[in-house]
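Novice: We have chain A; now place chain B onto it with these hints.
Protein chains: 2
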Amino acid sequence: MKNTKIVLAKRPIGLPKLNDFQIIQNDIDLVKDNQVSVSTMYLSLDPYMRGRMSPSKSYTKNLEIGEVMTGEIIGIVNESKVKNFPKGSIVLSKAGWQSNPVVNEDQLSLVDSRIDPVSLALGSLGMPGLTAYFGLTKLGNPKSGETVVVSAGSGAVGATVGQIAKSMGCRVIGIAGSNEKINYMTENLGFDEGINYKDSDWTEKFKISCDQGVDIYFDNVGGPISDCVIEEINDFARVIVCGQISQYNNFEPELGPRNMHKFLIKQAKLEGFIVFRWEDQYKDGLESLLDLKERGFLKYKETIVEGIEKAPETFLKLFSGDNLGKLLIKVN
Amino acid sequence: MKNTKIVLAKRPIGLPKLNDFQIIQNDIDLVKDNQVSVSTMYLSLDPYMRGRMSPSKSYTKNLEIGEVMTGEIIGIVNESKVKNFPKGSIVLSKAGWQSNPVVNEDQLSLVDSRIDPVSLALGSLGMPGLTAYFGLTKLGNPKSGETVVVSAGSGAVGATVGQIAKSMGCRVIGIAGSNEKINYMTENLGFDEGINYKDSDWTEKFKISCDQGVDIYFDNVGGPISDCVIEEINDFARVIVCGQISQYNNFEPELGPRNMHKFLIKQAKLEGFIVFRWEDQYKDGLESLLDLKERGFLKYKETIVEGIEKAPETFLKLFSGDNLGKLLIKVN
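Those protein sequence lines, which keep their order, are chains A and B.
Per my numbering, the very first residue in the first sequence carries number 1; after that it's consecutive.
Per my numbering, the very first residue in the second sequence carries number 1001; after that it's consecutive.
Isolated chain A, as found in the complex (with noise of 0.2 Å):
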C-alpha cells in the first residue's frame, strides 16, 4: 500500500496551475506510538487554501515548498496505537491532500454518528457549516424580517448561510453565477431570490429585489459584487467578512470605490472572522446544525470527484465556479 500525496510545487502567480503541484507517492509511513494510519474515504476543497500557498504570512502559517497541501479529510482507521481511535473509526484530520496518512492523536477526531452521510462532517456539519452558523448569528445577530445578502450563495458556506436566515424567519438573496446556481438557491434551497451576477444587468436587478435595503451582508467573494450589495445597506447593517475568493489570485490589491463613507452615514458595520475563533463552541454548533437539519433547513449539494490526483484540477474549479455546492475528492 502506498501514500499519495499532493505538495507544493511551486508558488502560484495568479490563478494557481496544475504545475504549481506535484503528485508524490510514497510507501505508508510506520505507525508509530499514538498514531494512527488513515484510509481517506473524502479530502475537502475549499477556497481558503489558495492563501496557504502564497508567501504572504495570513492568519496562519502559510505553506513551504515541498510541503503536503493544507486540507481536512475524512477516513477510515486502518491500523491504530491510539485507545480512543481503534480500527475501523471514522475520523476528522486536517491531515491534508493524502490518500494513506499516518496522523497523531490530537490531529484527530472522530465523525458524530448521526452525521449521515458522511461527507457531511467536511460540508454543511463540518467546518463550513460551522463557519455559516457562527459567522451569521455571531456577526450578524439576525432578526426575523430582515434582509440578507450572501455572495457564492450556492456553494458550500453560502448554501447554509442562506438556509440558516431562512430558519430565522429573514427575507434571504443569494448571488451565483450561473443560472443552475440561481435555480438551486430558490427552488431547493427556499431562498427568496437568486441573482446571477453574469447576467449584464444584475445590478439593476438586485437592486430591486432588495427594494427594502440590505441588513445582513455575508461576504464570500468581495470585488465589485460586494462594491454593489454595500451600496444598499441599511442603517445599523452588519457586513460579515468570511471570504474574498475574488481577490486571492491577485497579485496587486485590486482598487475599488472607498466605501467608509458609506459605512459611517449607515452606522453599519463591518467584521472579518475565521471559524476557529469559536473552536470552544463547536459541539454547541453542531448541535445546532443538526437541528437544523431535522428542519429540514440543511439541503445541500455535493460535487464529488473521483480520484486524489484530480485534486489540482478540481481545486481550481472554485475558482472558475465550475462546481456546484461542497467540492469533495473521492479518494479511496
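Rather than coming from a laboratory, the hints here were simulated on the basis of the structure.
Using C-beta positions, here's what the derived DEER-type ranges look like:
id, chain 1, residue 1, chain 2, residue 2, range
1, B, 1105, A, 250, 54 to 60 Å
2, A, 141, B, 1249, 31 to 37 Å
3, B, 1236, A, 224, 25 to 31 Å
4, B, 1299, A, 250, 43 to 49 Å
5, A, 227, B, 1279, 30 to 36 Å
6, A, 56, B, 1179, 34 to 40 Å
7, A, 235, B, 1236, 21 to 27 Å
8, B, 1013, A, 252, 29 to 35 Å
9, A, 207, B, 1064, 23 to 29 Å
10, B, 1236, A, 33, 35 to 41 Å
Derived pair list, reagent style DSS-like, types lysine-lysine, alpha-carbon separation capped at 30 Å:
id, chain 1, residue 1, chain 2, residue 2
11, B, 1310, B, 1198
12, B, 1002, B, 1032
13, B, 1061, A, 205
14, B, 1143, B, 1166
15, A, 166, A, 301
16, B, 1017, B, 1317
17, A, 138, B, 1138
18, B, 1330, B, 1317
19, B, 1143, A, 138
20, A, 94, A, 2
21, B, 1205, A, 61
22, B, 1094, B, 1002
23, B, 1002, B, 1083
24, A, 299, A, 143
25, B, 1207, B, 1143
26, B, 1138, A, 143
27, A, 2, A, 83
28, B, 1061, A, 207
29, B, 1061, A, 143
30, A, 94, A, 17
31, A, 94, A, 61
32, A, 87, A, 32
33, A, 61, B, 1143
34, B, 1207, A, 61
35, A, 317, A, 94
36, A, 317, A, 293
Quick caveat: nothing in here was measured; it's all calculated off a predicted structure.
All C-beta atoms, glycine included, are put in the ideal place defined by N, C-alpha and C.
Specialist: Then chain B, alone, in the frame of chain A:
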C-alpha cells in the same frame, strides 16, 4: 438690531467656494410663544457641514438652496417667551450660521454652568467631545496597553480621543498635517507619538511608531492615510469611522486598494457612527468629560475668528488644515 445669516447659495462642486455662500441681513424675527431671541456668542464650524451642502442624501436631510447653513451655536437669550430659558440664559442651539436667531423651545438647551469657558460647549465638552467619548469607548472598548491611532489627532474630536485613550492607559499615536500640530499633540496633549503625513517618509515613520501594531484606529480622515493605518492592524482590531474629511469634496468616489481581506485575516471590525446614536446618554457623557477635564485629560486649543461674515472663508480652513484645534466664529 439685525440678524445676519449665511445661506447656501449654490451646491459646491468639489471644494466649496466663497460664492457658494450668501450673506443676508434681515430684521430680527418677532418672538412668538415658545420662542426666544438669541444673541449668538460662538458659532461652531465642523467638517460634517460639507455633507449638508451636497444634493446626495446623507444620514439626515440635506440643505435646500437658500437655507441657513447648518451649525451649532451658543448664545445669550435676549428676549424670551419660554419660562425655562429666561433672558440672560446661556443656551446651545442648532440655529445655524446666524447672529441673532429666533429659536423654538424644542431647539434649545441650557449650557451646563460648569462649562468654563462656555465655548467648550461647542468643543471638548460639547458635540465633538461627546463624539470622541462615545465613539472611542462604545465602539473601541480600549484596554490599557493597547495602541490607539487617531487621524486628525489635533482636531477638536481627535485631541479628545487621544487624551481619553491616554487616560485609559493606551499608547496613542496621532496623525496630523503640520509640525505645529505634531508638537501640540506630543507636548501639550500627551500623545506618545505624532506623525506628520506631509513628510515624504511618513509611512516608514508610522510603521516604526506602531511596531506593536494597531489595536484601535479612530478615523476622521479616510483615504490614503487610512490605507496605511489599516495595513498595520492587529488581530481583533477596531476601526472606528467617525469622519472621512479627505473624501468630502470628491465629486466621484475615489478609488483605493481593497482591504477587506485584511479585516478577514485579522478578524478585525470596522464601524461607522454618528453621535446622535447615544443622545439619551449625553448627560452621562458630559459627566465623564468633566471628570476627565478635572483630571487634566482634556486640554484643548481653539482657533477663534471674529465676525460671522468670516464664517465661509474660515470654514474652508477645515479642508486646507490651516486651523489648530477647535474652529469657532466669535459672533457678538
